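Could you put together the complete structure from these sequences and hints?
Number of protein chains: 2
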Amino acid sequence: MTEQMHHVALASRPDGAPTAENFRYEARPMPEPADGEVLVKVHYMSLDPYMRGRMDDADSYAKPVPVGGTMEGGAVGEVIASKSDRFKPGDFAFGMFGWASHGCLPANQLRKVNPAHGSITTSLGVLGMPGLTGWYGLTELGKPKAGETLVVAAATGPVGSMVGQIAKSRGLRVVGVAGGADKCKMAVETFGFDACLDHRAYATAKDLKAALKAECPDGIDIYFENVGGKVLAAVMPLMNNFGRIPICGMISWYNAGGLGAGAADADITGPNLWRTILVRFLSVNGFIISNHFDRMGDFLAEVGPKVASGEIAYVEDVAEGLENAPAAFMSMLKGGNMGKQIVKVA
Amino acid sequence: MTEQMHHVALASRPDGAPTAENFRYEARPMPEPADGEVLVKVHYMSLDPYMRGRMDDADSYAKPVPVGGTMEGGAVGEVIASKSDRFKPGDFAFGMFGWASHGCLPANQLRKVNPAHGSITTSLGVLGMPGLTGWYGLTELGKPKAGETLVVAAATGPVGSMVGQIAKSRGLRVVGVAGGADKCKMAVETFGFDACLDHRAYATAKDLKAALKAECPDGIDIYFENVGGKVLAAVMPLMNNFGRIPICGMISWYNAGGLGAGAADADITGPNLWRTILVRFLSVNGFIISNHFDRMGDFLAEVGPKVASGEIAYVEDVAEGLENAPAAFMSMLKGGNMGKQIVKVA
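Keeping their order, the protein sequence lines are chains X and W.
Under the numbering used here, think of the first position of the first sequence as 237, with each following residue one higher.
Under the numbering used here, think of the first position of the second sequence as 237, with each following residue one higher.
Note that these hints are calculated values from the structure, not bench results.
Values in this document were obtained by computation on a predicted structure and should not be read as measured data.
One or more of the hints may lead you astray.
The list treats identical chains as one, so a pair stands whether inside a single copy or across any two.
What the hints assert, rightly or not - Calculated cross-link-like contacts (lysine-lysine; reagent style BS3-like; alpha-carbon spacing at most 30 Å):
id, residue 1, residue 2
1, Lys299, Lys449
2, Lys299, Lys381
3, Lys277, Lys324
4, Lys442, Lys299
5, Lys299, Lys277
6, Lys404, Lys570
Here it is, written out as structure tokens:
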């Protein structure tokens, strides 16, 4: 078979922030589905911060992408060939097809997406892995209670906006942190946050802490950790007794091999961080959503109707063309996106 | 009333390790019980690492001892006067009498101790606050499962020895860390640990990590944190996915204002510590046992008979005389005690 598809390969491992040279857009032969497999033509693919971690050859919860291999990622598209009873051509499916124009996977690794229920792009964000991350982390590890105060950074991202909206619906005060006035406006006006602080407006963690303190007069009960760095350093001294910190990511540190912004702040260096966990009786829980995909059904049952009704809002930022995925990804890591970053592949 | 008692007052706040000048042994008038109160002649008092924290004027879960005030602490003794129906002269009671020869407290703040059930000193250690700390932290936050591996430092102390013995009884591999060959021998021979490492024999966290790795071939599932510093730095890289870290203290850091041994180790500075919590899906929980005294009844019901039968061992190190409490306390902070440190007051 001489038909071709395209993918973006990891050309080399980045040293710090990824550059264009770390990626290679190239053609390769179109796969053919084996028994039980399904071939999908990708319409939209997802860009997520975790992908930065996969580019490093470091100890983590997932294997790194090999040099020369397809960049990892979720995508949604139309079935164009199927050797499974579960899918037929014309069906839509979400799967980990990677940064690619087409993907071929066993049917049991795919999730059917019904375009009648709304845009298929929602399977990448608000009703996909990021939304599930926010919902699971908040409800299972954050244990929100009405009247409490929650802080979440990357407030307009697909995780942060889910966290904030679910927390609001449960009666919490919700304060976001985001990069730039536009994002802060979006957090309040589109996602209903009580307040949102622009971390770029505060030179130090100390300044950000003072501003957070003013917005959180009763302290912070839940800090949903998805960025690390300066925000973490600002939040830690404001945590209330019995506070909860679910940790799903640390985007601010991904590009610096573990030593990014705020790393030297006294409030989060080892002893002080550890001491705060002890003296405030905090519960700090790392999690990765792939260990909890069994909750996807519960999540979609609760949140799906709220997205359909508009009760839960979502914002997508769509880049055009698979060949532009690396640029969109590099921009996203610097906060250049407004809402969930997606690439329109076809 | 001209009758006198004695107490040890906080003469001044220490800068680093406490010295004799920080304490003052002095006489003061004997209190007289008001309605509902009980006057106790102290026989034994407890010395515990948390008392070091009370000497600082720092943000913590408890108010600091005021300069000039009685050093805080638990003690057990005989009722010599009572204006409560619940106690009569000759009864024995545990209470927070401080470092003092006598104490006067409301009856509802006292716990009756039955000398027929064993030495009254057990109310200070194995069947008191330290034992409850170990039992609660391990069972509620450590969530031990047979076949797992647990590490605990200060292995021969009253907390560590309880943690290790309960974990052994539930089928875990138990590896202790202690200071000195004598303590390591005691951990294995008296408390039944599978192994115990002398942290003094390892110059760096890296060396200690290598030794721990050899004793924990399947990694570490539970690290019961009560020391911080070098042990923490050695343990973190060995934690298994879904590991649990209950934190009840950090004695190695108490004397250095939060920047003690091991503080600069890369494995426990902010980003790396945070990253390990995320990528290994750890659950890190700070707790202080005074929030969980409602579990004392459950604890005594389960562990009391095991202490009486000898199934759970305990070791006490008894200093003589209230006036010698400061010296015994300073020695304990440096690891000079073998087992639970107690002072025989009368």
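Hints and how they fare:
1. Lys299 - Lys449: Between. Shortest inter-copy distance 23 Å satisfies the 30 Å Cα cut-off; intra-copy 40 Å does not.
2. Lys299 - Lys381: Result: close only across copies, 28 Å inter versus 37 Å intra.
3. Lys277 - Lys324: within (13 Å within a copy, 85 Å between copies)
4. Lys442 - Lys299: between (37 Å within a copy, 25 Å between copies)
5. Lys299 - Lys277: within (25 Å within a copy, 64 Å between copies)
6. Lys404 - Lys570: Classified as within: same-chain Cα gap 27 Å, cross-chain 49 Å, threshold 30 Å.
In terms of the numbered hints stated before, the structure departs from none.
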